Structures are given as structure tokens and as C-alpha cells.
Amino acid sequence: MKADRKYRRIARLLLISPVLLLGGCSTPHFWLIHPKGPVAGAELHFMILDVVVMLGIILPTAALLVWFLWRYRESRPRGKYDGHWASSTRIEAVMWGIPLLAVGLLSYFSFVGIHEVNPYNPGAVTADKKIGTHADPLEVDVISTDWQWVFVYPAQHIATLNRLVVPVNTPVHFRLTSATVTNSFFIPQLVGQIYAMPGMRTKQTMLVQDTGTYRGFSATLSGPGFSWMRFQTKALPSRAFDKWVAKVKGRQNDLTYAGFNRVAQPTINLNHTVKYYARVQKGLFQHVIQEVKQGKVFSTRMGMTSHM
Amino acid sequence: MLVHLQGPWSPFIGRLSLHQIPYDNPIIVGAFAFAVAVGIALFAGVTYTGSWRYLWREWLPSVDHKKIGVMYILVGLVMMFRGFIDAVMIRTQQLMAVGPQSAGHLEALHGYIPPFHFDQIYSSHGTIMLIFAATPILVGLMNIVVPLQIGARDMAYPYLNALGLWLTTAGAALVMVSLYLGEFSHDGWIGLTPLTELPYSPGVGVDYWLWAVQIGSVGTTLGAVNIIATIIKMRAPGMKWLRMPVFTWCAMATNLIVISAFPVLAGALFLLTLDRYLGTHFYTAALGGNVMLYTDLFWVWGHPEVYFLVLPAFGIMSEIIPTFSKKPLFGYTTMVLAALGISGVSWSVWLHHFFVMGAGPNVVAFFSMSSMAVGIFTGVKVFNWAFTMYRGRLRFDSPMLWAIGALSFLLIGGLTGMMLAMPPIDYQVHNSVFLIAHFHSWLMTISFAALGAITYWFPKVFGFKLDEATGKRVVWFWIAGAVLVFTPMYILGFMGMTRRLDYVAHPSWYPLLVAEQVGIGLFCVAAYYQFKQLYVSIRDRKHNRAEADAWGSTRTLEWMTHSPVPFYNFAVTPQIHARDEWAWRKERGLTNLMPDRFQDIHMPKDTYVPAVLGALAFVFGFGMVWRIWWLGALALLAIIGVVIWRSFHRDTGYVIPADEVERMERGYLEHAPEGATEEVPVGEPAPGVLASSQAPSRQGAGS
Amino acid sequence: MKSDDTESEDTGGIVLWNDAHPGPDMISTRTLGFWLYMLTDAMLFASIFTAYAILWHNNAGGPGVGQVVDLGYAFGETVLVFASVFAFGVAMAALKRGSHRSVVRWIGAAFLLGAGFLAMEIHEFAALALQGIVPERSGFLSSYYTLVLTHGLHILFGLLWMAVMVAQVLRQGFTEGVVYRLLNLRIFWHFQALIWVFIFTFVYLQGKL
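Chains as they are written, first to last, in the working numbering: chain A, 1 to 308; chain B, 1 to 703; chain C, 1 to 209.
Treat the hints with care, since some could be wrong.
[As the list claims (entries may be wrong)] Some chain B residues well away from chain C (every beta-carbon gap over 12 Å; in silico):
hint, residue
1, G7
2, I90
3, G360
4, V536
5, W629
6, G632
[Claimed, not checked] Each computed DMTMM-like pair below joins lysine to aspartate or glutamate, with the alpha-carbon atoms no more than 25 Å apart:
hint, chain 1, residue 1, chain 2, residue 2
7, B, K233, C, D41
8, B, K240, C, D70
9, A, K293, C, D25
10, B, K542, B, E665
11, B, K240, C, D25
12, B, K605, B, E662
13, B, K233, C, D25
14, B, K605, C, D19
15, B, K240, A, D136
16, C, K208, C, D25
17, B, K532, B, E468
18, A, K296, C, E176
19, B, K542, B, E684
20, A, K282, A, D136
21, B, K233, C, E121
22, C, K96, B, D651
23, B, K605, B, D24
24, A, K282, A, D242
25, B, K233, C, D19
26, B, K605, C, D25
27, A, K249, A, E139
28, A, K275, A, D242
29, A, K293, A, E139
30, B, K605, C, E176
31, A, K249, A, D136
32, A, K293, B, D296
33, A, K80, B, D397
34, A, K203, B, D397
[Said to hold, decoys possible] Short, incomplete list of chain A residues facing chain B, as computed with Cβ under 7 Å:
hint, residue
35, W70
36, G83
37, R90
38, P99
39, Y108
40, F111
Just so you know, the hints here were simulated from the structure itself, not pulled from any lab data.
Keep in mind the model is a prediction, meaning the values are calculated, not measured.
Ideal Cβ positions, reconstructed from N, Cα and C, are used throughout, including at glycine.
Work the whole structure out from these sequences, hints included.
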């Protein structure tokens with residue numbers, strides 16, 4: 001009996017200890033609650049709405065359960081016992097009604113939210129009243145390989161490897177594909193996920209409100225190098241961005257189709273390699289899609305990373 | 001051959017070679033040594049107790065639904081342990097491989113497992129836990145309990161029942177063999193394309209996964225046909241549909257999911273198999289394949305699959321809570337409707353697993369709303385359980401603790417599920433550890449219910465109770481472990497940690513990973529107490545003899561039988577009068593009675609054929625994995641041959657004469673802890689026993 | 001007291017055990033199970049039909065469905081399938097009459113007609129393969145071959161089953177086991193004809209028209 005009580009005390013302490021961890025919520029490490037762009041901001045907004053509505057149901061239900069457990073226990077019962085009571089139309093109406101209402105409300109929020117963050121046309125970005133300066137959108141093509149990210153800027157004819165640089169307060173229109181397998185393009189503080197799939201083209205729209213450096217990565221397993229498939233995203237003021245573009249154009253290296261095939265060889269990005277290309281062969285994005293559709297693969301070697 | 005294979009292939013031994021044995025990997029060698037040690041210990045134990053003949057004669061060829069159920073649960077528990085070891089290894093690697101300064105051991109750059117092995121470990125963890133642990137345990141429970149709850153002697157198809165068991169075992173065996181010979185899949189339990197296509201998964205890993213899951217799923221599908229037909233056809237007289245226990249209704253609802261959804265998995269995997277073996281273009285990005293097709297077909301199965309796991313859990317909770325509240329289940333009709341509703345709606349939600357794949361907003365909105373709709377049925381069930389406890393008398397024996405634990409995790413799983421059902425949220429947490437914590441919360445509900453069910457029905461099957469003291473410790477340590485593993489995981493999801501990472505780049509995540517490691521340590525303590533419970537219970541079994549009504553306040557028909565249940569279940573078929581028939585009889589003092597005459601009982605004969613077919617299925621799978629065509633072909637022909645040969649058998653049953661039945665019954669009752677019994681005429685009204693509630697039985701439902 | 005159904009039909013008292021209950025009829029139990037199994041087969045075909053629906057335009061520059069299917073030929077196959085089902089139906093009528101000879105003869109006829117269908121199908125695909133029109137060429141061809149030949153594989157199993165049933169009827173006569181297996185085979189055979197109707201419609205007709 002005593003040992004049982006001791007275990008219960010330990011268990012009770014352990015049960016509430018995770019609450020102590022909540023202290024870390026304020027730090028900027030919590031990417032999902034520190035959005036820096038309207039799409040991520042909308043996503044956080046709907047997350048809070050959903051949690052509030054659901055807690056409005058879950059907390060009272062949990063309290064009711066705890067109360068019943070305490071009140072009707074056999075060792076020290078406080079309520080009366082009715083061994084045959086097993087139905088009540090009134091209670092049933094309420095217990096069907098509450099979930100129905102909650103689901104109805106959340107469905108409405110969900111519908112509104114989906115259109116706010118729709119990758120192909122997010123209301124959060126296109127609704128003009130939300131954005132201060134509405135510059136011309138920037139086009140970026142994203143090509144994922146085994147296990148790196150190539151970013152092509154078709155209007156500027158430059159490209160980068162494992163580094164995304166964008167101007168602030170400018171809508172960025174992404175086109176995404178993969179040279180190999182499916183990856184999920186994700187920059188938590190800026191924009192939600194969208195798959196990049198081989199032989200296909202998906203889209204995403206993003207806008208960054210604060211300058212800074214943000215972390216992006218793939219959120220879908222794509223092979224042995226997946227854990228290292230990360231890239232930094234830098235948001236610069238407009239002028240600084242133009243300067244950066246000019247600087248890249250001043251470099252020597254090109255990204256031809258053949259060059260891309262070399263980059264796309266299975267590579268695990270252990271050294272955080274970043275490259276910049278001054279010239280990109282035209283139509284690289286479409287070319288990659290066509291090649292894949294005609295059968296181009298970048299095979300994984302059997303037993304890769306068995307001896308790292 | 002039509003596909004390009006990396007590595008050697010010969011017509012005689014296919015892709016097999018000595019290089020495929022990982023003798024240079026100390027962890028696998030250690031695992032092998034452990035398995036051999038356990039094997040030797042078992043061998044010694046069976047020899048010491050002289051049980052070879054008993055096991056060979058009574059268990060291996062058994063078609064008795066109770067023995068088959070016990071074997072299903074045993075397979076499930078063994079695989080659960082293997083899956084648990086996988087989990088410990090995952091947690092340890094993620095703790096050790098945090099930050100660029102983290103050290104590397106045993107050929108890993110960080111931590112102690114390079115991606116080649118780590119990816120296999122979480123893939124096998126998921127596959128094992130879902131397909132080879134949870135499924136067999138739940139199917140085993142349904143196997144044992146459903147015929148007893150409806151007053152039947154056995155399932156509708158005893159031979160097919162055994163076949164399902166041995167096919168599941170064959171699948172599990174393939175997964176186990178992959179550890180020591182070759183490799184397992186690196187691509188997660190889901191196996192999305194094109195990662196699982198041959199160029200990107202060139203080894204045999206995905207092939208092992210394909211054949212193991214395929215063979216195991218055939219077993220599950222056959223089992224579903226069996227349970228549905230049993231419930232439709234084999235109910236005792238008076239057991240009308242709306243008198244069946246809720247567990248049986250949930251078994252019905254869940255197996256309707258199986259017969260409708262599992263064949264879609266078979267189709268999805270079949271097409272991937274063709275891609276990998278014949279070079280077709282179903283799921284390739286090239287030459288007209290469609291990468292998204294697999295995702296759709298897989299999840300059309302995958303979502304109903306998780307409801308297949310949770311519905312029996314709901315059924316179990318609906319049995320345990322009334323028993324330990326000394327009250328009938330509140331809102332019976334609602335519970336039945338909700339179970340069937342969940343079964344139906346589960347078919348309309350699958351796209352929520354890939355909101356981020358880029359479907360248009362209106363398609364996404366539909367699936368979001370249907371996903372939330374399931375919450376209505378689940379919420380109704382939660383309230384029903386709460387009002388079952390209301391005005392009851394609650395006893396907190398370990399089955400009840402398991403049920404309450406299951407209910408707690410259900411609330412968290414439900415809350416986070418409603419979050420994930422909203423695409424704006426899902427776009428941020430898809431594939432993150434927040435998602436992992438969400439579905440593990442549900443898996444905690446399912447495993448708590450399963451362990452509670454094992455404790456609850458154990459005395460009925462074996463005639464003695466499991467030790468309560470250690471049992472309670474298992475519950476508390478399991479709950480504490482789950483809280484400490486999954487609460488930090490939810491938090492890490494909000495920090496941006498994605499799933500399946502072999503290397504964790506952000507040192508700021510380290511404290512939470514430490515908390516998770518403490519949690520998994522608590523799970524290990526729970527596992528220790530679980531083994532201890534089994535040992536203590538078996539050691540003290542003579543002191544913990546259980547009577548028919550093992551828990552004192554049980555309500556459903558299976559508690560009317562002896563503990564342990566005789567192989568024929570009921571000596572004479574009972575006549576059913578009400579829902580919760582046993583509670584109804586107890587209220588009228590109709591306990592401790594036996595029939596005054598008996599008749600011949602027809603029982604199905606035991607047969608080794610299902611075990612043989614299971615072994616052949618294993619050989620077939622093995623041959624196909626390694627592309628040893630002659631072996632696969634021979635095994636397949638042998639399977640067809642054995643099935644045809646068996647179909648010519650005429651005497652697949654035998655008869656127990658009436659006086660033999662009487663002798664066995666009297667034998668049971670002589671040793672029954674319940675005490676003296678009275679004889680009552682069969683088929684006629686019991687004399688002196690009237691319809692009103694009279695003479696309460698010893699521990700009746702009234703207080 | 002709650003309003004559960006509590007009393008037995010007897011007025012005087014309560015009947016606790018019932019040994020007059022006949023239990024489930026073996027044949028109807030077996031055929032029910034087989035219907036349930038056919039449901040699973042239907043879902044399997046549904047998944048393969050889904051794949052075909054998604055992929056049937058994906059020629060990848062190779063031959064499309066219009067160049068690959070021959071409506072007249074497929075119509076011939078259809079006639080054979082329906083004739084085989086008809087023959088099997090006559091066999092079932094003979095089963096009702098209890099005539100061993102008749103059952104064996106008409107199952108034999110169904111077998112020959114079904115084998116004819118299979119032969120036509122094998123010929124069709126062998127001819128395609130010889131021209132280099134192989135499943136590995138494109139998503140369309142993969143799904144075309146797979147859908148039609150999965151059905152063909154079912155037909156093959158059905159033929160094997162017919163042969164086994166003939167042997168069983170000759171050896172054992174019309175035992176309970178033999179009868180329920182014949183009834184299940186009838187369900188199976190009719191079902192395969194039904195699937196063929198879908199294939200004819202969605203592959204051959206849709207492909208040409």
C-alpha cells in the first residue's frame with residue numbers, strides 16, 4: 001500500500017513536470033510561434049483559434065471525468081449509486097450537440113484559413129491591405145536533388161546552391177520540382193510546406209516581413225542524406241538584395257545542364273556547402289522536369305552510409 | 001531480368017550472398033546473440049517441463065479460437081518487444097547526435113547509428129508496431145472474446161482462423177529475418193514513392209517490407225471475413241443484434257473496415273512490387289508513371305487502418321468501464337451508431353495525410369471537414385464513458401487504470417488531431433515530431449486498451465489472475481514514460497523539429513531530448529515490471545485462482561463460462577434474454593446453475609495444414625525477396641497443391657459424446673471456486689425461478 | 001428498471017439453455033463467407049481500376065490505348081466469357097437435379113469456353129509483346145497489362161478450381177463440402193464475368209470510342 005502511494009506521488013510529479021518545460025516558449029527557438037511572414041502568421045493565427053476552441057471542450061470534459069472519478073469511487077463514494085441508469089435523451093442531445101457545433105465552427109475557420117494560406121494563391125499575401133510596400137514579385141525556381149537544394153532566379157539568370165536570398169516585403173513566387181524523389185520545402189517561420197516532386201511542378205508563395213536569417217529544410221524523408229538537407233534563407237532590404245544579385249553575377253562559375261547533373265549526383269551536405277552561380281543555362285527548371293519524365297534517375301548506391 | 005539490379009544475382013541463389021550477412025555490425029551481432037540466447041532458454045524451458053508433445057499436439061495444429069487468439073497475442077507481444085527496442089535505439093541516437101560537435105561512434109558520424117541503419121530502425125519500428133504487434137494483439141483479443149460474447153462454440157471458419165494466424169506469423173518472421181540477412185526498408189513504414197522504387201532503394205529492404213506486409217495483410221483480411229461471418233451467423237438463440245455487447249459491435253465495425261480497405265493496400269503494394277520486379281511505370285516519375293498515385297492508394301488504406309486499430313480499443317474500454325463502475329454502459333445505441341459511423345467516415349478522410357502535396361483549396365477543404373467530422377463520433381463516445389461512471393461505484397483495479405489511461409491519451413490525441421485536420425496548421429506541422437506525438441497519443445490509447453484487455457480477460461482464458469501489484473506498477477510507469485516522451489515531442493514540433501532525423505542540427509533542442517530519454521527509461525522500467533508480472537503471476541497461479549465471474553461485477557455473456565473456458569465454450573447453448581445477459585441473470589439469482597442433460601457436441605478437428613501453409617508462405621516471401629525464382633515458384637505451387645489436397649478431406653470434424661461432455665462439465669464444477677451448483681432443465685422454464693428480480697447472487701450488481 | 005428486452009417468449013418462466021437451436025446452416029455460412037471474400041476481391045480490382053483511370057492517358061510517347069485494343073477481338077472474348085458463365089449456370093441447374101454426369105459435362109463445357117477466353121487473351125498479349133509493346137514502356141501499358149492480366153489470372157484460378165471440382169464430384173459425389181464449393185465457384189465465376197464487363201467497358205470501349 002505504502003509503496004503504491006509512493007509510486008503515485010512520483011508519478012504525479014512526473015506528470016506535471018513537462019509544464020516546467022513551457023518556460024522555453026518565449027525563446028525565438030520556437031519557430032512556429034515566431035512567424036516572420038504573413039503566411040506563417042496566418043497559420044499561427046488559425047492554430048491559436050483551433051486550440052482555444054478545442055480546449056474549450058477538452059478541459060471541461062477532462063474536469064468532468066476527474067470529478068466523476070473522484071466522486072464515485074467505491075473506496076469513498078460521495079455521490080449516490082444508481083446501478084441501472086444508462087440512458088437520457090437530454091444528455092445525448094447535449095453530447096451530440098457540442099461536438100457538432102465545435103466541428104461546424106472549426107470547419108468554417110478551416111475553410112477561411114485554407115484560402116489564406118493556399119500555396120497557389122494565398123489570401124494572406126495577395127490581399128493588398130495586409131502588405132505595406134507591394135513590390136514586384138520575385139520568381140524563384142526550386143529544384144531538390146539527393147540531398148541538396150538548387151535555387152534558380154530565372155529573371156536574374158543566377159542560381160544558388162543551399163542558400164536562398166530574398167528581398168523583404170516582396171512576394172516570392174516559387175515553382176518547385178525535384179530531380180530525384182519527393183521532398184517537402186519548408187521554412188517554418190516564413191511559409192508552410194509544399195511537396196517538390198519529380199516530373200511535376202508545384203507552387204508556393206511567400207513574403208518575408210522582417211530582415212534576418214531563417215532556417216529551411218526538407219520535411220519529407222528522401223534518403224540517407226535527408227538529415228543534412230538544410231538551407232539558410234536570408235531576407236535582405238531591397239537595395240541590399242539588388243547588390244547581392246550584382247555580386248553573384250560578377251562571379252565566374254556557370255550552371256549549365258551538364259553542371260546541374262554534376263551537382264545533382266548523390267551528395268550528403270555534411271559541410272554546409274553553399275555555391276553561387278553567375279549564369280544559369282536558360283530553362284533549367286523545365287529541362288529537369290523533362291529529363292526526369294524521360295527516365296533520368298540519380299541512383300542511390302546500395303549500402304550508402306552503412307560505413308559513414 | 002527486366003530491371004537493373006545493383007549487386008550480384010545468380011539463378012540459383014538470386015541476390016543472396018555471404019556479404020548480405022552483417023557480421024561486421026556489432027549491434028546486429030549482439031541482437032543475434034540475444035535472440036540465440038532466448039531461443040536456447042525457451043528450448044531448455046520446454047524440454048525441462050516436458051512440454052514438447054503438448055505444444056506439438058495441442059497448440060501448433062489448434063483451430064480453437066481461444067488458443068489461436070492466445071498465439072496471436074503472443075506473436076504480437078514478442079514483436080512489440082522488438083519494436084520497443086527499436087524505439088529505445090531511435091531515442092538514444094537522436095539524443096547522442098545533437099549538434100555539429102556531437103561525437104560519432106561505431107562508424108556513425110554523429111551518435112552511434114549511421115543513416116543506413118537508423119532509417120531501417122524507424123521503418124521497422126513503425127511496420128512492426130502497427131502490422132505485427134498491435135494488429136495481432138487486437139485480432140487475438142477479438143478471436144478469444146467475440147465467440148464467447150455471442151454464445152458460439154467457435155468461429156465460423158476455424159481452419160481459416162488458424163491460417164490467418166500462421167500467415168501473420170510468416171510476415172513477422174520475414175521482418176525478423178531481415179535483421180540478420182540483408183536489410184530492411186529504409187523508407188519508413190509508409191514507403192512513399194519514388195523513394196521506394198528500385199533506383200532509390202536498390203537493396204532488398206523494400207522487398208522484405210513489401211512481402212512481409214502483403215503476407216501479413218492477407219492473414220488479417222481472412223480473419224476479418226471470419227469475424228464478420230461469425231457475428232452474422234453464429235449468435236446464440238435470443239442474441240439479437242441490439243443485445244450484442246459493444247465490444248462485438250466494435251469488432252464488427254472494425255472488420256468491415258478490413259474487408260473494404262485492406263485489399264486497396266494489397267493493390268497499392270502489388271503495383272509497387274511490379275515496378276520493382278518488372279520495371280513497370282505505375283509510380284515512377286518517368287515514362288508516364290504517377291508518383292502521387294501510391295500516396296493516394298496507400299492512404300486510402302492507411303487511414304481506415306488506424307480506425308481498424310482504434311475501434312477495438314473503444315470496444316475494450318466499453319467493456320472494462322461498465323464492469324468497474326458496476327453500471328451498464330451509458331447510451332448503448334449511440335455507442336453502436338458511433339462505432340459504425342467511425343467505420344464509415346474513416347473512408348472519407350485519407351487526403352489529410354498529404355494536405356501539402358498541393359491539391360486545390362476546395363478538395364483540401366472537403367477532406368479537412370470530413371476529418372473533423374470523425375471527432376463528433378469520438379467525442380460522443382467519451383461522454384458516454386463519462387456518464388457510465390456517473391452514479392456508479394468505481395473500482396480502480398488495473399484494467400480500469402488502463403482504461404482511464406487510454407481515455408486520457410484519447411483526449412490529447414483528439415485535441416491534436418483536430419489541429420492537424422486544419423490545413424493552415426498542418427502546413428506547419430506535417431511530418432514533424434508534433435505529428436509523431438499526435439499519433440503516438442492514439443497508439444497509447446490503443447496499447448493501454450490492449451494491455452487492459454489482456455489483464456481483464458486473462459483470468460477467463462487461463463483460470464487465474466495476473467498479479468495486481470506489479471500490474472499497477474506497469475500502468476504507472478507506462479503512463480509516466482508516455483508523458484515524458486511525448487510532451488517534449490509536442491513542444492519540439494513547435495520548435496520546428498521534423499521526423500526521421502538521424503542527425504539533429506540544433507543544440508537548443510537538447511534539453512527536451514534529454515527529457516524524452518528519461519521517458520524511454522521509464523518505459524524500460526515498465527517493461528521490466530511487465531516481465532516480472534508474468535513471472536510472479538505464473539509462479540503464484542495456484543493462489544490467484546479465478547472464478548467464472550473473475551472481477552465480481554462483470555456483465556457480458558463470456559463471464560458465464562468457467563475460468564478457464566473449456567475448449568467447447570458452452571456445454572449447452574445458452575438462451576439469451578437481454579443485453580448484458582450475465583448481469584441480467586445475476587440480478588435474478590440465476591447463477592451457479594448447470595443443465596440437467598447434455599448432447600453431443602460437434603467440434604472441428606485440429607490440423608497442421610495452416611501451419612504448413614504459413615511456413616510455405618514464409619518460404620515464398622523469402623524466395624521473392626531475394627529473387628530466387630525457382631524457390632518462390634516451388635513454394636507457390638506447393639501452397640496451391642496443399643490447399644487443393646486439403647479440400648478433398650471429408651472428415652474435418654469430430655463429435656464429443658454427450659456423456660463425455662457431462663463428465664467434463666462435472667469435473668470443471670467440482671474444482672470451480674464458485675461453489676455448489678444446481679441442476680436446471682434444458683429447453684424448459686427453470687422451476688421455481690421467476691422473471692422478477694429475486695434472490696441476488698453472491699456478488700450481484702446491486703450494492 | 002430499464003426498458004431492456006428482458007423476458008423470454010415463454011410466459012411461465014425463464015429458459016436458460018436451448019439445445020433445440022439448430023445452429024447455422026453450413027452451406028449458407030460458407031457461401032456468406034465467400035461473398036465477403038468476393039467483396040475484398042472487388043476492392044482489389046477497384047484499386048487496380050483506379051490506377052488504370054489515372055494512368056490510361058500516359059503514353060509517354062508510346063502507343064496509346066486506341067492503337068492497342070481491338071474491339072472485335074475483345075467482343076469475341078466477351079462471347080466466350082458469357083458462354084462459359086451460361087454453361088456453368090446449366091451445371092448448377094443439374095446440381096439441383098442431382099445429376100453427377102450433367103454437372104461434370106457442363107462444368108467441362110464451361111472450362112473449355114473459359115480456357116478459350118484465356119487462350120485468346122494470351123495470344124493478344126503475346127502479339128503485343130512481340131511488337132515491343134511491353135508494360136515497361138509507359139504508365140498506360142503498365143496499367144493496361146496489369147488490369148487485364150490480373151483478371152486473366154483470376155480466370156486461370158477459376159479454371160483450376162473447375163478441374164478440382166470435377167475430380168471431387170467424380171470421387172465424392174454431392175457431399176456438403178462439394179456442394180458449397182460448387183456454389184462458391186459459381187459466385188466466383190459470375191464475379192469474374194462481371195469484372196470483365198467493367199474491363200470491356202472502361203478499357204476497350206472507352207479506349208476506342
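Outcome of the hint check:
1. Non-interface status of B:G7 relative to chain C is upheld: no Cβ of that chain comes within 12 Å, the nearest being about 21 Å off.
2. At the 12 Å boundary, the C-beta of B:I90 stays outside the reach of chain C, the nearest C-beta of that chain being 32 Å off.
3. For B:G360, the shortest C-beta to C-beta distance to chain C comes to about 17 Å, beyond the 12 Å cut-off, and the non-interface label holds.
4. Separation of B:V536 from chain C is adequate, the least Cβ-Cβ distance of about 38 Å exceeding the 12 Å criterion.
5. Every CB of chain C is more than 12 Å from the CB of B:W629 (nearest about 17 Å), matching its label as outside the interface.
6. In this structure B:G632 is separated from chain C by more than 12 Å, as the shortest Cβ-Cβ distance comes to about 16 Å.
7. Taken as a hint, the B:K233 and C:D41 pair is honoured in the structure, with Cα atoms around 22 Å apart against an allowance of 25 Å.
8. Distance restraint check for B:K240 and C:D70: the Cα-Cα separation of roughly 54 Å exceeds the 25 Å cut-off, and the hinted pair is therefore not satisfied.
9. Taking the CA atoms of A:K293 and C:D25, the gap is about 57 Å. The hint is violated against a cut of 25 Å.
10. The suggested pairing of B:K542 with B:E665 holds, with an alpha-carbon distance near 21 Å, which does not exceed 25 Å.
11. A hinted pair counts as satisfied when its Cα atoms are at most 25 Å apart, and B:K240 with C:D25 qualifies at roughly 18 Å.
12. Our distance criterion of 25 Å between C-alpha atoms is met by B:K605 and B:E662, whose separation comes to about 20 Å.
13. Annotation: proposed proximity of B:K233 to C:D25 holds, straight-line Cα distance about 9 Å (limit 25 Å).
14. A C-alpha spacing of about 22 Å is found between B:K605 and C:D19, which places the hinted pair at or below 25 Å, so the restraint holds.
15. Distance restraint check for B:K240 and A:D136: the Cα-Cα separation of roughly 71 Å exceeds the 25 Å cut-off, and the hinted pair is therefore not satisfied.
16. Distance hint between C:K208 and C:D25 is unfulfilled; the C-alpha atoms sit about 48 Å from each other, more than 25 Å.
17. Among the hinted pairs, B:K532 with B:E468 is consistent with the structure: their alpha-carbon atoms are about 11 Å apart, no more than 25 Å.
18. For the proposed pair A:K296 and C:E176, the alpha carbon gap of about 59 Å is over 25 Å, so the pair is violated.
19. Note on B:K542 and B:E684: the hinted pairing is violated, with a Cα-Cα distance of about 38 Å set against a maximum of 25 Å.
20. For the suggested pair A:K282 and A:D136, the alpha carbons sit about 22 Å apart, so the restraint of at most 25 Å is met.
21. The suggested pairing of B:K233 with C:E121 is violated, with an alpha-carbon distance near 40 Å, which exceeds 25 Å.
22. Distance hint between C:K96 and B:D651 is fulfilled; the C-alpha atoms sit about 24 Å from each other, no more than 25 Å.
23. A distance of roughly 48 Å separates the Cα atoms of B:K605 and B:D24; the hinted pair therefore is violated under the 25 Å criterion.
24. At most 25 Å may separate the alpha-carbon atoms for a hinted pair to count; A:K282 and A:D242 meet this at roughly 21 Å.
25. Taking the CA atoms of B:K233 and C:D19, the gap is about 17 Å. The hint holds against a cut of 25 Å.
26. With a C-alpha separation of about 19 Å, the suggested pair B:K605 and C:D25 falls inside the 25 Å cut-off, and the hint holds.
27. Straight-line distance between C-alpha atoms of A:K249 and A:E139 comes to about 17 Å, which keeps the hinted pair within the 25 Å bound.
28. Taking the CA atoms of A:K275 and A:D242, the gap is near 18 Å; set against the 25 Å cutoff, the hint holds.
29. A threshold of 25 Å between alpha carbons decides the hint, and for A:K293 with A:E139 the separation of about 23 Å falls inside it, so the pair holds.
30. Restraint check: the Cα-Cα separation between B:K605 and C:E176 comes to about 17 Å, which is no more than 25 Å; the hinted pair holds.
31. As the CA atoms of A:K249 and A:D136 are separated by approximately 21 Å, the hinted pair is consistent with the 25 Å bound.
32. The suggested pairing of A:K293 with B:D296 holds, with an alpha-carbon distance near 20 Å, which does not exceed 25 Å.
33. The straight-line distance between the Cα atoms of A:K80 and B:D397 is roughly 21 Å, inside the 25 Å bound, and the hint therefore holds.
34. For the hint pairing A:K203 with B:D397, the CA-to-CA distance comes to about 56 Å; that exceeds 25 Å, so the pair is violated.
35. Checking A:W70 against chain B: minimum C-beta separation of about 9 Å lies over 7 Å; hint violated.
36. At a threshold of 7 Å, the smallest CB-CB gap from A:G83 to chain B is about 5 Å, leaving the interface hint in force.
37. Below 7 Å, beta-carbon pairs count as interface contacts, and A:R90 has none with chain B, the closest being about 11 Å; its hint is therefore violated.
38. For A:P99, the interface hint holds, the least distance from its beta-carbon to any beta-carbon of chain B being 4 Å, beneath 7 Å.
39. With a least beta-carbon distance of about 9 Å to chain B, the hint placing A:Y108 at the interface is violated under the 7 Å criterion.
40. Proximity of A:F111 to chain B holds as hinted, the smallest CB-CB distance being about 5 Å (cut-off 7 Å).
Checked against the numbered hints given earlier, this structure breaks hints 8, 9, 15, 16, 18, 19, 21, 23, 34, 35, 37, 39; the rest are met.
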